[in-house]
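Visitor: Sequence:
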Amino acid sequence: MSSKATSFARLFFRKTDENAQAVWQILSLAIETRADFNMDFFVHNRLVYQLKGACVEVRPDALKVYLRGGVEHLPPVGMEVHVYFSSRVERKSVPFDFLTRVLSAERKGGDSFLWLNLPEKLGHNQRRYNVRVSASKEDIRDFRVWYGKPVVDAEAGDVRLRWVPISLQHVELLDISAGGLQLLVARGSPVYPHLAPREVLLVRGTFELRGKSPQQLIMVGSVVRMSKSEDASRAGLAISFKRWGKMVGGHFVWRDLGRQEGINPLADWVFQLIFNRRRLAREREEDCSSRKKYQGQDDHNQERRQ
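Going by the working numbering, the sequence shown opens with residue 1, and the numbers climb by one from there.
Read the hints as simulated data drawn from the structure, not as lab findings. From a predicted model like this one, the values you see are computed outputs, not experimental measurements. For each residue, glycine too, the CB sits at the ideal point set by N, CA and C. Just to be clear, a hint being listed does not mean it is correct.
[What the hints assert, rightly or not] Pairwise CB distance ranges (calculated):
#1 Asn-45 - Tyr-66: 21 to 31 Å
#2 Arg-225 - Arg-282: 33 to 43 Å
#3 Pro-190 - Leu-99: 50 to 60 Å
#4 Ser-86 - Arg-144: 47 to 57 Å
#5 Tyr-66 - Gly-258: 29 to 39 Å
#6 Lys-52 - Arg-204: 44 to 54 Å
Turn these sequences into a full structure, and let the hints steer you where they fit.
Guide: See the structure below:
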């Protein structure tokens, strides 16, 4: 397969093509999680093939799928295919689907592969923004939280928010996504009595992204769900982001979020964190396997010497 069509840098960093970025990230996650691909093949809207496989490679213009089981006849070039798969993220199954066409087919030894045209978008790809990852405040540089206290402005005749900082010793971050986060706030915080659904909080942080300069972000969100511990010593807050700002040229540029939207730089950071954790877990697993292997060899050699 040729990779001339679109350079990887253009695919990944083009500001106007957020769908392409989401597609690449989610398919890469499908490879990491070894997600099953269920594929329906059509000719003139009539189902003619049903195959199962797994994505093994993603390129700027195509993806490679390994076909499971013995496949006697491979689908021809140009055939339409509807792909369904789910990826497990933080012990949750997230479903996706897309329509595409067969670019080529190949056999290597006893294995069969299909190259499929890379889709422009995935069904429900807004779910990218709902992918949550467990995190702590130590994972985010300069992490800070403020409570928006309503204050009546007598001169203006309206209510404004005064941002009251919440001490980090009273805050714990539980998880985060591109669309929101969950916090624990201790009763010792002065703002604790004011916390309730629909109250507004502001979150700030600097997010490190590989190959990019650090992203300074501010997120404003409202409390959509709240629960307290049995002894009321802590309040759990689920916060949905409504606006966000990004540092550009020394000042923040603000954007509103739609109902199904999320913050793209934050989505990138979430996926990066997931990939890094999977890589470290895999390295630890390989290291452990190597140690057991060498230990077994040492034990065997010692027995022979005895």
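Visitor: Against this structure, judge whether each hint is valid.
Guide: Tested hints:
no., hint, in the structure
1, Asn-45 - Tyr-66: 21 to 31 Å, "27 Å, holds"
2, Arg-225 - Arg-282: 33 to 43 Å, "34 Å, holds"
3, Pro-190 - Leu-99: 50 to 60 Å, "54 Å, holds"
4, Ser-86 - Arg-144: 47 to 57 Å, "36 Å, violated"
5, Tyr-66 - Gly-258: 29 to 39 Å, "37 Å, holds"
6, Lys-52 - Arg-204: 44 to 54 Å, "46 Å, holds"
Hint 4 from the earlier list is the only one contradicted by this structure; the remaining hints agree with it.
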